Every structure is written in structure tokens, then in C-alpha cells.
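Novice: Chain by chain, the residues:
Number of protein chains: 2
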Amino acid sequence: MVTVQEAFRIVQSVTGKPGVEEVDIVTSTGRVLAESIYADRDFPPFNRVAMDGIAVQADKFKTRGQVFPIEDIQAAGSPPLILKDQNNCIEVMTGSVLPKNTNAVIRYEDLEIKDGKAKILVEKIERGMNIHPQSQDAKQGEVLLMAGKKISAAEVALLASIGKKSVYVFAFPRTAVVSSGDELVEIDEVPELHQIRKSNSYTLQAAMKEMGWKSESFHLTDDKELVKKNLRTILEIDDVLILSGGVSKGKFDFIPEALEELGIKKLFHQVSQRPGKPFWFGASADKTKIVFALPGNPVSTFLCFHKYIKPWIMNCFGVSSKHITARLAADVIFAPPLTYFLQVRTELKDGMLLAHPKGGGGSGDFANLKDVDGFLELPLEKSAFNAGEAYPLISFRSIV
Amino acid sequence: MVTVQEAFRIVQSVTGKPGVEEVDIVTSTGRVLAESIYADRDFPPFNRVAMDGIAVQADKFKTRGQVFPIEDIQAAGSPPLILKDQNNCIEVMTGSVLPKNTNAVIRYEDLEIKDGKAKILVEKIERGMNIHPQSQDAKQGEVLLMAGKKISAAEVALLASIGKKSVYVFAFPRTAVVSSGDELVEIDEVPELHQIRKSNSYTLQAAMKEMGWKSESFHLTDDKELVKKNLRTILEIDDVLILSGGVSKGKFDFIPEALEELGIKKLFHQVSQRPGKPFWFGASADKTKIVFALPGNPVSTFLCFHKYIKPWIMNCFGVSSKHITARLAADVIFAPPLTYFLQVRTELKDGMLLAHPKGGGGSGDFANLKDVDGFLELPLEKSAFNAGEAYPLISFRSIV
Chain A
1 MVTVQEAFRI VQSVTGKPGV EEVDIVTSTG RVLAESIYAD RDFPPFNRVA
51 MDGIAVQADK FKTRGQVFPI EDIQAAGSPP LILKDQNNCI EVMTGSVLPK
101 NTNAVIRYED LEIKDGKAKI LVEKIERGMN IHPQSQDAKQ GEVLLMAGKK
151 ISAAEVALLA SIGKKSVYVF AFPRTAVVSS GDELVEIDEV PELHQIRKSN
201 SYTLQAAMKE MGWKSESFHL TDDKELVKKN LRTILEIDDV LILSGGVSKG
251 KFDFIPEALE ELGIKKLFHQ VSQRPGKPFW FGASADKTKI VFALPGNPVS
301 TFLCFHKYIK PWIMNCFGVS SKHITARLAA DVIFAPPLTY FLQVRTELKD
351 GMLLAHPKGG GGSGDFANLK DVDGFLELPL EKSAFNAGEA YPLISFRSIV
Chain B
1 MVTVQEAFRI VQSVTGKPGV EEVDIVTSTG RVLAESIYAD RDFPPFNRVA
51 MDGIAVQADK FKTRGQVFPI EDIQAAGSPP LILKDQNNCI EVMTGSVLPK
101 NTNAVIRYED LEIKDGKAKI LVEKIERGMN IHPQSQDAKQ GEVLLMAGKK
151 ISAAEVALLA SIGKKSVYVF AFPRTAVVSS GDELVEIDEV PELHQIRKSN
201 SYTLQAAMKE MGWKSESFHL TDDKELVKKN LRTILEIDDV LILSGGVSKG
251 KFDFIPEALE ELGIKKLFHQ VSQRPGKPFW FGASADKTKI VFALPGNPVS
301 TFLCFHKYIK PWIMNCFGVS SKHITARLAA DVIFAPPLTY FLQVRTELKD
351 GMLLAHPKGG GGSGDFANLK DVDGFLELPL EKSAFNAGEA YPLISFRSIV
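Protein sequences appear in the order of chains A and B.
If you use my numbering, the first sequence corresponds to residues 1 to 400, in order.
If you use my numbering, the second sequence corresponds to residues 1 to 400, in order.
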């Protein structure tokens, strides 16, 4: 048995070199950049007018009420005009190039325009006002985004602006989600009284799909020879196996044995945690085949995916997981010498992230998860946890 | 001009009745349930063994060291066995039905098994121990999930367990994303010096796609008759239009006029906010056509989408938006009588959500967004904002 910290460290240490694939930028959010992105030009590429109004030569302004005849109109998308007479002005539109020989923009709100003339209604004009200077945001050739950056819609804005319609991101490894246990039936079947539907494969696949991670799904029956035969077939094709069930101490739990016989070396079995104690983790000698064998009960599977596997895949892509904490909203006692992943509902109040404990004693009690946003990680060294103390949070629902 | 509060209220008040569609549960995360979900059986459906070990009749246990001969093995997925002699025990596997005539499970860890007999190594046995009682999580017929619930992988677990392979969710309205401005070129073109690529459509479509919201994309050129003609065509097909650009006070900004001529009544134009002041919002008299006309600069578009449109669509689905706050990590001065959406990087530290201001003065300065996680909403009534004060946060990046 290893501690949660040891298990986490061992899992994170097994990272292969991920492949890359090209995806359309519109569907790239959540993925991780596999290439660095450079500015193909200055941003903005020109001195950009930031307000509708007039452009003038600031030095020519003396006093409020001064009038500048309008020479021309500078539309967005047109090459820059040239102000011929510096006592005149040019009307300018937001987004347009600042006309040559001008260096300040005065907003319509600060003007009175009549008969082709603009009267200034403010006391002071500063050089550069209402102008977004060329290259202020980025210089041509500058790195805009580094490989290893997780893409959000904000990054899509940048990618589009430099002309990328598609982008290289890290590819997820070929992955199999494998359930086991003869008590499980397909979800569209009506189970006998002693049977239940196999929900874990769907839960895992949904959690993975949210990240863009596709997988195949298999089921193993409780027969040692068949388990081994099927695992061999799966391992020939897939590089990552996420199993649920068949790793506790039960008479019919052949999976760890079968995996070892297939050359998957155990890196740990059993973690001093609740839920999820029977978690088994292993890899082939060359670390090209990685097996997460999770306990079969739904809450354990769910916790282990979010605590170990999600940070692991992100780590493979060079993204280190954020360490976030929340504060216990009520006292909790947990005596067993295990790290306790307490089911909590979170609330952001006055900038404070509060974690409200929500029942969920039994680790099979997954009906509870619908009222819960995450797990608060209560360390094994302690058994009394007080309201107001901050502990790591493993969240599976967006806080915002 | 309206305040941010008025604009928000007006936008949220225009909600139509959304349609529904059926989606596969694996791709349902992020969507909103359009049907309530009931337990088709008790959860668990039987008294479920929660640990591998033996099942006994608790009353028959007298003292540590007592030996119970093993009658049989109860596998998961098999109908319940019956303990014939109450001085015996049955070996049981996690997930199996509790055998009849037994009422407690003792874990392997607390046993010594030899020659078909189990010796008890603990002092005390309690009725019901290591058993997950029938219907503890939910009773048959009970509502498990209400319509209007946003689906995460946790809800997928429940949906799968009651046999739902697909589920009804609210459908997004037919939506067009429409850019405008003659300074814009396609993103795969090389812009002239005075031109820029049209990134806004991609940013919006990426932000929408993350929620499962698909849209068509159009571009309008700066010509009043063409603008009107194209908007008419789009309005014939799409019910929601998200425009960017063409709503400020510029000479070439025909869009509000064209929209009003097409029967889209202005509900507000201009919001006392920075960025995003020129925001225009309108709807047809019967509220079946809704138009968000956002300012064209990328940061304004981005802010308005997250502040107004995302809560609006969720509100249409019956999901009220979470009101979250973060604490300013540094003093900020902002004098204009506008609500200021300050670009911030967030950090969760000891359960406190801190918002670090990150440059980004100009509202066109979107290269800055890559280092930013959201906008802190600083009210217009104040101009000095102190470190430690909590303000609403509009986040566009997952905090966890």
C-alpha cells in the first residue's frame, strides 16, 4: 500500500512522448498546443484609431472651442490618408489606420460637428490619445503562445488573428476503457435483481470526451483465461487502459494477475485512501503501455479519474495541474488512517471558496454525486478537520 | 445609455421557449436536461456487499478468534445464496448481493482463512457493517435529476445506471455569428497593412462550441443596402444573431439602423461599461428574433459574450448563473463613470480566490487575454478599488 502522495508521484512520473494532430481552431478549446505561436506582424499592425472622432496634430491645439475644418474621412479598412493642412482634421473610424501627420484622436462625444468643421469641447489634448499604438500588444516575431498552453476561446482569438485556421495540438493516446464484473449488464438491458447496469464506462468516456479524449470501450467477464486473452488483444492496440472493477481482494478479481502475466509491471496496488483503496497501477517495462486499474464502485472510479488520470494526461502534454484549495465549511471527523476524499458542494462567497460536506459515506453511493461539485482531500495524518481550514480540492464541475 | 445592471436585466428578460433534442449521454456533458430523470429501481437495488470478505449473522458472533466454517461463495452478479447454518458464513465479493440470513460483512483484512474456515480477528461485529443497504441512495420512482440540471460526468453516471443511453436536452436556437467591417479579411488571407484578420467570428464560435452551441458564420461589408439585404436573409433563417462590429458612432456603422428597419426593436444601445460601451441589443416584437450587436474590438466582443450572452442562453434553459466573486490582489483606480471590467489573472490560495490585475488598458488589446482568466466587474459608483475587496468575477477559463 502506498500513500496518496506516493501514488500521485508514481503516476505522474510515467509520461511518454505524446503524438500531435492538427485540429480546426473552432474545436481546439480544451486541447493543448503542440507548437509555439509567433506574431506574423505587429499587433496592432498600425497605429490604430480606438474611438470614432477626428484625428488632429495635437501641437496645433491651443484652446477649447478651437475649430478644425474636416479634410476627409478615414474609413476602417482603407489605406492611411495624409492630413494636408495641419490646422485641419480628418474624421476617423474605430479600427482604422491613424492618418499620416496626425497624432491624437478626439472622440465625437468631445466635439461639435457642423458645416464640415469640428469644434473641440475639451480643455486638453494629449499626443497619442485614443490611439492604440502599433506593436503595443506584440511585436512581429514575438512568441504569442508557447507549446504546452491549454487553449481557451481567448487563445482562439489570437490564433485566428495571426491566420491560423488549424493548429497542432497534442494527441491523446489510443485508450481503452474496460469494465469488468459479472454483475454488470448493458445499460439498455433490464437488469435482474442481483445485477446492475455498467455505468462506469459511460462516466469515464463522458469525462474524457469533455477534454477531447476519445476511447474505445470493452467489457471483461469474470473468467481468468478470458480476462487474460481479452486484455492481450486490447494491449496490442491500445496504449492506455483504464479498467474499472476486478482489483479488490475478491476471489474473482483476476485482473492484476493477468496484467502481470502480460508484462504489465505493477507500480503500486492499493492506496491509503477512501474511496479508491484497491487502485492498481502498472506499466510495461518500456513504459509504452500504461494501465490504470480502478476499483469498480462508481465513486471510486470517478475520484481516481479526476485525482490521478486527468492530471496525468495533462502532465504528458506538459501542463502542470493547478493546485487549488477550498475551506471546509463544517467540522469533519474521519478516524481511519487513510486520506479521505470528502464529497463537497462548493460555494464562492466574498472571494472565498467554501466546501460544504455532503453525506456520501459509502463509496458506492454515487446518487450523491449529483449534489456534489468535488472532493476535498483530507490528509491521513489527521482525523479532526475544522471549519475554516483549507485543503486541496479535486473539482469535477466548473466553479464558475 | 443603460447601466450594466439594466442591460443585464433587459437581456435576461428576453427568453423564448427553447426546443429539445436527444443526445447520446457520452456527449451530453455541458448540456442542460430537458426531462426529469427518475430512479427505475431502488439504488442500490439490493443489500449490496461493500467489501470482499465473509457474510455472517451478526448475532452469532460472541468473541474474537471465533471460527465460521465457509458454506459457499457469493459472486457478484449471481442471485443471492441462502446461509443454511447460522453458525457458518458465506464468502462474499464486493458488489454482490448480501446472502439471505446474513446481516454483516467482515473484511478479509479482519480475518484469517484456512481450511475452509474463517477466523475473526476483531472484537466487535455490528449489524449492517460493510453493507450498502437497498434504496439508501434512492428509492424506485424518486426524482434523481430535475429538468434544468446542467449535465456533468457525475450526472452521466446516474443516467447510465438507470438505463438511459440518450437523453433529452435543451436545443440551442438557430444562431448566426456575423462579423462586419471592411478592414477585416479572411483569416487565411494575408492582410494589407491597413487590414486585419477577422478573428471575432472564430473566438465566438469557439466559445459557443465549448457549450455545444453550433452556429453559422457570415460577414457584412460596409454598405448600407447590402447590410440590410444580408441581415434580412439571415433573419429569415436564424433566430439569434450575434454581430460584432458596426455599432459605434462611426460614419459607416449602419447596423442599428438596418436592424430597426427590419423590425428588430432596439432594447438598449450603449452600456456604461468599459470595454463594450457601444453594445446594442434588440428583438422582434414577438421576441422570436434576438440580436446581440457587439462592439467589434476583440476584447469587447469577448467580454460581452461571457457577461451577457452565456448567462442569457443558460437562463433560457432554466439554469440561473452562479454569482461568483474574487478579491482584488492590488489597488486599482478607474475614474470614468463606467463599470470597469478589469482583466485579471485568478489564483486560488488557501481557499481564497485572488484576482491579479493584468494590464490590458486598450479594449483592442486582446494579446493580453492569453495571460488573463477573466474580468473583475468594478462598479461605476466607485473609482478607487482596494486590495482585499471582493467583486463579481466573469471567468472565461476554468479555475480548476
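It cannot be assumed that every hint is accurate.
Some, not all, of what chain A presents toward chain B, calculated at C-beta under 8 Å [claimed, not checked]:
(1) 15
(2) 16
(3) 46
(4) 93
(5) 97
(6) 316
(7) 392
A short, non-exhaustive set of chain B residues, derived as facing chain A with CB atoms under 7 Å [stated by the list, open to error]:
(8) 97
(9) 101
(10) 137
(11) 141
(12) 146
(13) 319
(14) 387
(15) 390
(16) 392
(17) 398
Just so you know, the hints here were simulated from the structure itself, not pulled from any lab data.
All figures in this text were calculated on a predicted structure; none of them were measured in a lab.
Note that the Cβ used here is the ideal one computed from N, Cα and C, for glycine as well.
Novice: Taking the hints in turn, state whether each one holds.
Specialist: Hint by hint, here is what the structure shows:
no.: 1; hint: 15; verdict: violated, 21 Å
no.: 2; hint: 16; verdict: violated, 25 Å
no.: 3; hint: 46; verdict: holds, 6 Å
no.: 4; hint: 93; verdict: holds, 4 Å
no.: 5; hint: 97; verdict: holds, 4 Å
no.: 6; hint: 316; verdict: violated, 19 Å
no.: 7; hint: 392; verdict: violated, 10 Å
no.: 8; hint: 97; verdict: holds, 5 Å
no.: 9; hint: 101; verdict: violated, 16 Å
no.: 10; hint: 137; verdict: holds, 4 Å
no.: 11; hint: 141; verdict: violated, 14 Å
no.: 12; hint: 146; verdict: violated, 10 Å
no.: 13; hint: 319; verdict: violated, 12 Å
no.: 14; hint: 387; verdict: violated, 11 Å
no.: 15; hint: 390; verdict: holds, 4 Å
no.: 16; hint: 392; verdict: violated, 10 Å
no.: 17; hint: 398; verdict: holds, 6 Å
Hint compliance for this structure: hints 1, 2, 6, 7, 9, 11, 12, 13, 14, 16 are not met, and every other hint is.
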